[in-house]
Amino acid sequence: MAFVNMKTKEVQAKIVFYGPGRGGKTSNLEYIYSKFRERIKSEMVSIKTHGDRTLFFDFLPFDIGKIMGYDVKVQLYTVPGQVKYDATRKLVLKGVDGIVFVADSQVEQRKKNVLSLKNLQENLSTYKKSIFKVPLVLQYNKRDLKDVPLLPIEVMDKDLNSQLKVPSFPASAVTGHNVVPTLKKIISATMASLQNVLK
Amino acid sequence: MGSEYDDNASFTDYSLGPEQLEVIEQVLEEDLIESGVHSVMLIDMAGNIIAQHDNGEAQHDLYSLAALASANFAAVDTMAKIVGEEEFSLLFHKGESENIHFSKVNPEYLLITIFGKDVALGLLRLKVAEAIQKINDVW
Amino acid sequence: MGSNYDDISFSEYTLGQEQLDQIEAILHEDLVESGVNSVLLIDMAGNIIANRDNGLCDHDVYSLAALASANFAAVDTMAKLVGEQEFSLLFHKGENENIHFSKINPEFLLISIFGKNVTLGLLRLKVTEAIEKINGLLEK
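Here the protein sequences line up with chains A, B and C, keeping their order.
Just so you know, we're using this note's numbering here: the first sequence kicks off at 1 and counts up by one.
Just so you know, we're using this note's numbering here: the second sequence kicks off at 1001 and counts up by one.
Just so you know, we're using this note's numbering here: the third sequence kicks off at 2001 and counts up by one.
Certain hints may be false.
Listed next, with one range per pair, are the computed distances between beta-carbon atoms [unchecked claim]:
#1 A/S162 / C/G2016: 28 to 34 Å
#2 A/M68 / C/E2086: 26 to 32 Å
#3 C/D2021 / B/W1139: 52 to 58 Å
#4 B/G1017 / A/S130: 40 to 46 Å
#5 B/V1138 / A/K128: 24 to 30 Å
#6 A/G65 / B/Q1059: 20 to 26 Å
#7 B/E1019 / A/S130: 48 to 54 Å
#8 B/S1097 / A/K158: 54 to 60 Å
#9 B/W1139 / C/G2016: 56 to 62 Å
#10 A/I153 / B/K1104: 29 to 35 Å
Please keep in mind that the hints were generated in silico from the structure rather than gathered at the bench.
Think of the CB as a built atom: it goes at the ideal place given N, C-alpha and C, for glycine as much as any other residue.
Could you build the full structure based on these sequences and the hints that come with them?
Next comes the structure, spelled out in structure tokens:
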């Protein structure tokens, strides 16, 4: 539910980074924040526990410039990934315009990725949104890890993307590999879905 | 699944033209800022800022405040439902010198006011109630 | 980064069984016996440390704890954004049920759910007493 201000010619759209706990959602935002520091006027807001786990969300407003004459601001959010935070996770999805699903490439996280994606589908349906229609990009994070077994990309595709058939990126939020391409992809998919309104 | 989803209505159940926004901003200024409120925002439940006005001295990070306010409102609303309430009464947080007041305008919108010691809570509530009525008349 | 990472709690506190028993006794005697319907001691990550109720509530206390800790942290962040150290205690009023939040220390929150039979004044008094006792226990 993006908001288009016809008076100030400004669009605000909400993009949410979803995925299992410790998968790298916050790290994605931190990398974006450090990379585009000069374009982001405010501080990144993180509501987290003392143990440095996301408790409610991270928030980063990001000016992406003009599209079709509108000044476009995307508001990047993360959700808390831990299973026990489902009530708050659901709240962050309210009014979402685009989603990046950050999956963990470690072999031992395979099941958690699938469960989290299923949880996304359920939570979207409470807002009467279908996971098959909302702008969505998958990111297979932690490809940089060397000491632990990683899932082959084909396996992750089969697990997570065989029905969705959305764009996917192998990435590393820590090194920054493919973080910006992931972001660009979800922004363009989100803007494309909003286009009818901007015309 | 199909029919129970409304993805095509991805764009806000409400739409506001420039004239309507003009009227709303005027209400925010005349009813609230001129009564001594430091900063006022009309936001939607997703955390987008619909309209905003301040006294020229407030320098808050409004986008972050809007994100926090909407999420917080939703959290309180969910807690109300868990304990069997329709909703909790309006929200007000008191600080040493700045206070925040939340008010639901309708199911889509929230009015957030930030004010100091020079405005009594009673007066603020009255002014907010008046402003909300005027904003609701705009639709 | 093992598979059980999600299950490790990062608590900086440790509470023995004896302390927990004593805390539950305080929650019961000071709050539930004063008419509070349900009371939760949670940590700032939303974990329930202790819970007592009058036996008539069947609230989803796990969701409540997660929402309450998130809510508390969000209000705290808003306070800092407008230049405040923190906002005063939180209280939400409903038709029949009310929720009251109180910070015990940087680690713990006390959440009381109460109805019309308890006045806010009495509740605050009882909460303050309970917090003093709990803090006394935690310092040991």
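Here is what the structure says about each hint:
1. A/S162 / C/G2016: 28 to 34 Å: Between A/S162 and C/G2016, where Cβ atoms are some 50 Å apart, the hint is violated.
2. A/M68 / C/E2086: 26 to 32 Å: violated, 43 Å
3. C/D2021 / B/W1139: 52 to 58 Å: At 57 Å between Cβs, range holds.
4. B/G1017 / A/S130: 40 to 46 Å: Hint violated: Cβ distance 30 Å, outside 40 to 46 Å.
5. B/V1138 / A/K128: 24 to 30 Å: holds, 26 Å
6. A/G65 / B/Q1059: 20 to 26 Å: Taking Cβ atoms as reference, A/G65 and B/Q1059 lie about 24 Å apart, which means the hint holds.
7. B/E1019 / A/S130: 48 to 54 Å: The hinted range 48 to 54 Å is violated for B/E1019 and A/S130, with Cβ atoms some 35 Å apart.
8. B/S1097 / A/K158: 54 to 60 Å: holds, 58 Å
9. B/W1139 / C/G2016: 56 to 62 Å: holds, 59 Å
10. A/I153 / B/K1104: 29 to 35 Å: Taking Cβ atoms as reference, A/I153 and B/K1104 lie about 47 Å apart, which means the hint is violated.
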